[in-house]
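Based on the sequences and whatever the hints tell you, model everything.
2 protein chains.
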Amino acid sequence: MTRAAESADLLAAARAGSPRALARLISLVESGNTRVANPARSGSDGVGRGGGAHVIGITGSPGVGKSTTTNALVAALRARGRRVAVLAVDPSSPFTGGALLGDRIRMGDHATDTGVFIRSMAARGQLGGLAAATPAVVRVLDAVGFDTILVETVGVGQSEVDIAAGADTTLVLLAPGMGDGIQAAKAGILEIGDVLAVNKADRPGAHETMREIRSMLRLGARMPRAWRPPVLAVSAANGTGIEELLDALEAHRAHAAADGTLDARRRARARAEIEAVVLARVRERVAAQVADAARAVVAGGSDPHTAADEIVAALG
Amino acid sequence: MTRAAESADLLAAARAGSPRALARLISLVESGNTRVANPARSGSDGVGRGGGAHVIGITGSPGVGKSTTTNALVAALRARGRRVAVLAVDPSSPFTGGALLGDRIRMGDHATDTGVFIRSMAARGQLGGLAAATPAVVRVLDAVGFDTILVETVGVGQSEVDIAAGADTTLVLLAPGMGDGIQAAKAGILEIGDVLAVNKADRPGAHETMREIRSMLRLGARMPRAWRPPVLAVSAANGTGIEELLDALEAHRAHAAADGTLDARRRARARAEIEAVVLARVRERVAAQVADAARAVVAGGSDPHTAADEIVAALG
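Chains as they are written, first to last, in my numbering: chain A, 1 to 316; chain B, 1 to 316.
Simulated from the structure, these hints should not be mistaken for laboratory data.
The C-beta atom is built at its ideal place from N, Cα and C for all residues, glycine as well.
Incorrect hints may appear among the rest.
With the Cβ distance kept under 10 Å, some of the chain B side facing chain A (calculated, not the full set) [said to hold, decoys possible]:
| hint | residue |
| --- | --- |
| 1 | GLY205 |
| 2 | ALA280 |
| 3 | GLN289 |
| 4 | ALA291 |
| 5 | ARG295 |
| 6 | VAL298 |
| 7 | ASP303 |
Each pair of labels, with its calculated beta carbon distance range [as the list claims (entries may be wrong)]:
| hint | chain 1 | residue 1 | chain 2 | residue 2 | range |
| --- | --- | --- | --- | --- | --- |
| 8 | B | THR240 | A | GLY300 | 40 to 48 Å |
| 9 | B | GLY316 | A | GLU243 | 53 to 61 Å |
| 10 | B | GLY301 | A | ALA254 | 23 to 31 Å |
| 11 | A | ARG80 | B | ARG267 | 52 to 60 Å |
Encoded structure:
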């Protein structure tokens, strides 16, 4: 059986509800060993469909309760009859199996529910890294027919910002007592939030944190925007505010679909994926020349920019 | 005056001790508008020198006290007669002026000391991003004659790992009560530390945190390594343990110089910089084609990998 035929079989089995087929298909896509047709294209191969999933990015500093909130959102989505996929993306874990460990611990809550699929992705091993692999896996989950795809990222680095920026709707989670205003501004994540939520809202300082965030959002709002990101109080551990949070996330999607930002984000997501794959291939192609040039630089024979110019010129 | 002549003048003035000339030179280098000769090359242009600075990367989650520890290390280095540059790199701040704000607040401690230079860098605006700009600015600071260059990164994302990997010596800072073992493993930063320090060691839980880190390091040590990363207790706010920390950082450098890892890291740093510039130029070159392809993908006409292959093939 060819790889393409195997992929088509796996996709059919995944659509029929086999989590094992889906897991195998994602592994193939992650490793760059197969391609799943664009779900927006309904081709004669019978593979095209989907494109209708709501992709929600969830981000925030370690400790704000991303996993707990994600689990609570999954429960609320299930209660509304949605099929849900969770993609836990861990750009900060290039070395360890941390993501997989966390994954197994979290599976417990929804382990027996076939309407929920949970998958972790770590940073290494894919062509083009997470910037390419995340949208590729999202496309698979979309093609399989999930209604909502939660993409949870750990940390607040540039890669998390990029991944979150690829979602239809981005939820930024905060918590009281996570640091002063400068820390929050440094994190630079307020601006990417379509919906902001202060978790652990039953703890001291929650009110002040919400007020602070609202005032920073006002400072940061340089342009009038049609969508005004709401700041909600939730307490994911006991389910408080989760329904309202989900309402806000779905309201944003409806708004984005109506005003064209949804399409713009999907183009941006496709652009990021294409660019990541292009650059990964170029990187492979020039690797030996770059290594030679680096030796020359350290030996004192060249400077990096001149060396780079020569390599680019030789590309053709 | 040509750009090259201006750069040479600025470099001479910076070496003579002008912080204003140095700041201007760094701005030119950051924006890709000039190149400073490789400090390892002592050419007839009189520009070559240096290459002797100890580049120390400092990383850790928000809230562990990176700024306080950096300030304490600066004071200890000054007491040892070293000229010190601090580069505060903020990959997570693509939008705000947070880094500059933090910078100005921190400048207070060493504002009147001409042996200290402090500079912030945010994520956007340079060709090749921080991966290219950080080593370029480090090279300038090295050429100017600083003995020690502290590169402090905010957050624990992949970009921080990459930047830290470019240092001669990497210090990973932790603090008690920053989350459980899984969080720490997820952060994936233990493995990149040549020296690990638990800050706020006077607080409850510090002893447990150190024990936990030591046991995780043992689990993670798959290969026998000549250098065993020490785990130190410090309390940067009152200066406790800072001398021992500095001793450990300098001991690592001596060790790395002796066993060849210092040269290997410098090659890796040059490689990362060259690669970042090459990829940035390729990115510019293919931008229009990528945008067209992304529109086609969203419209259902193509899939991202096929589009990427076509773009790479057209590169020549």
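Verification of the supplied hints:
1. GLY205: 14 Å, violated
2. ALA280: 9 Å, holds
3. GLN289: 9 Å, holds
4. ALA291: This hint holds: ALA291 of chain B lies near chain A, its Cβ roughly 6 Å from the closest one there, short of 10 Å.
5. ARG295: 6 Å, holds
6. VAL298: Holds: closest Cβ of chain A sits about 5 Å from VAL298 of chain B, inside 10 Å.
7. ASP303: 5 Å, holds
8. B:THR240 - A:GLY300: 40 to 48 Å: 41 Å, holds
9. B:GLY316 - A:GLU243: 53 to 61 Å: Since the Cβ atoms of GLY316 of chain B and GLU243 of chain A sit about 56 Å apart, the hinted range of 53 to 61 Å holds.
10. B:GLY301 - A:ALA254: 23 to 31 Å: 26 Å, holds
11. A:ARG80 - B:ARG267: 52 to 60 Å: 55 Å, holds
In summary, the structure is inconsistent with hint 1 from the numbered list given earlier, while agreeing with all the others.
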